[in-house]
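Below are the chains, spelled out letter by letter.
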Amino acid sequence: MENLLITILLTSIPILLAGLGELVTEKSGVLNLGVEGMMLCGAVAALGSVLIFGNPYIGILFGAIAGILISTVFSFFTITLMTNQVATGLGLTIFATALTGLIGEPFVGKTAASLPKLEIIFLSDIPYIGKVLFSNDILVYFAIFLIFFIHFGFQNTKIGIIIRAVGDNHDSAHSIGYSVKLVRWISTSFGGMCAGMGGAYIPLALTPHWSEGMTAGKGWIALALVVFASWMPIRLLIGALIFGGITILQFVAQARGWDVPSQFLNMLPYLATILALALISFRLRHNNYAPACLGKHFLGNK
Amino acid sequence: MYKNFLKIITFLSILVSPFLYTSAYAKTKVGFVYLTTPGDHGWTYAHELGKQMVKKEFGNDVEISIVENVPEGPDATRVIRELAKQGNQIIFTTSFGYMEPTLKVAKEFPNVKFEHMTGYKRTKNVATGNIRFYEGRYVQGVVAGLMTKTNKIGYIGAYPISEVIMGINAFAQGLRSVNKKATISVIWANTWYDPVKEADAAKVHIAEGADILAQHTDSPAMLQIAEKNGALGFGQSTDMGAFAPKAQLFASVNNWGPYYIKKIKQLKDGKWNTGDGPDHWAGNTWGGLSTNMLTLSSFSNMPSDVAKKAQEAHDGIKSGKLKIFAGPLKTNDGKEIIGAGKTLDDGALWGMNYYLEGVTGKVPK
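Chains as they are written, first to last, in our numbering: chain A, 1 to 302; chain B, 1001 to 1365.
It is possible that part of the hints are untrue.
Straight-line Cα separation of at most 35 Å, DSBU-like style, residue types lysine-lysine; simulated pairs [stated by the list, open to error]: (1) B:LYS1228 x A:LYS117; (2) B:LYS1318 x A:LYS110; (3) B:LYS1104 x B:LYS1124; (4) A:LYS110 x B:LYS1149.
Sample of chain A residues with no beta-carbon within 10 Å of chain B, all distances over it, derived [unchecked claim]: (5) LEU61; (6) ILE120; (7) GLY130; (8) ASN156; (9) ARG164; (10) PHE251.
Simulated from the structure, these hints should not be mistaken for lab results. Positions of the beta carbon are idealized from the N, C-alpha and C atoms, including for glycine.
Whole structure, please, built from the sequences with the hints as guidance.
Printed below as a string of structure tokens:
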């Protein structure tokens, strides 16, 4: 049981990291559909750098940098040149899928070092939950820290409130003197960094390989989760765990010989998303959590 | 003047035509279609090794073109057609999913020979070649039965098709020949190659108590997860010992080279044929341990008495003394397939849609 819980937690980390990044990006009013592509860039950069330098921590760094770089391309097009965000985001994913396939070609079949587990003394000895929660690699702790960091940041810090202001009403934010474009550039880069790290997590912890398109739709799930979580970091954690849980559950069901078609279990996370979205929009018809300026261009310049 | 020019040309061409003919004969153009990039392990790499043997055997007498990363489906049709257009005389399509595309293009190019690996549909110019992968899996079952402590074997399958199911059943036969208590549970990955999914499936198997893992998917991910978690397992298609030196017991190795060489030789001698027999299976080239199309990598991470048992099983299958699917055979829900004294024939193997005793669960519909 413990092992299963650990597996579920680890499986949800890439989605969680990428989702947290996208949440911040969207809070500033930018809809970046390129999460999948940014994750792939992070994955290939992480694996490549680990193969070269031999240290998995370097992999995290390179994954993050790759995510930032590719998101900068997106920012340049959508924020500076004001291209359509949806089209640019989709284009980014398609471009990154092919690009990473090309870059990753020499890495196929090579094995990279994995992130070591860091046991927290005393805490990891707590029965049942100790092994699950306190005997993980650094990115797990980082992701959990990030949830609270972002939650707290949006509620209680000036920077968080500025990002929200820019996302909810960019004209007002502009009129009281904030640089809308700068805030959006930074938020998008943060999103890119998180997606890059989420992607990096796959070869660094889940399976020490590169294979083309190895994120296998995790970026899209992260995007859906942000909406599912109605832009709240803690709900995002719950959503990511549900997705991770179901991913693993379909294998458990098979291993135990439960008489459920695996295709049905494959479908469940998406069904859950649709139901959740329907429920949320029903309940919150008058109080939409989506940033009001999400996906809108800021035309005023300073 | 033009008349003279024509004369000279005609004369010259008559003069050189025998040489043209011989050089065209000598240099056979051979095409290969690969599912992925060869890398250094697994299914396509095994074909790549076969191709290298062809190169070694024929040297400059063959001109080889390869197309990598060809998805199964309409793209494959386009690629195979292109290879045929470029004048390749024999084209090897090296994955099951190329069956329909191969047949389609073969119709358009009746003078080109097509070799579809692991398929079963043949026409005048389409031959098939396949390996009895299940023979290696019987030996795996023997080793698993002797090595397991938890009596739980985790098996990762790609798709529930007869090819994979006969492998699981052969494994079960080997397992039960030495250990009646052990059972196999199967997880279908629904993909041939996806290291992330294969790793997830392996983790779940281990979490569920399996200590020996077997796979009918392509990446070394399963073995690496086994290595990390102190479990043991078997490599697929090529020796994967380098990925998991402490976890790999042995690997079933696909050896395509001799088949490729045989067929190219046939073509050069004008004797190429599809080997078609009275039914789908009889004429098919379906070689196993006895023809060296399947070999086993060296036994490791096991005590010598287990290795000895494994070698005995290997030798028995190779010599034909050991019949893997000899009766009495029962499905895992108690139905009798055949009684004592009978053996399943090849056709019955390709019709397998049930698990034999020793496997848990049901075959997905």
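Review point. Going back to the hint list, which numbers does this structure go against?
Key: Hint 10 contradicted; others consistent.
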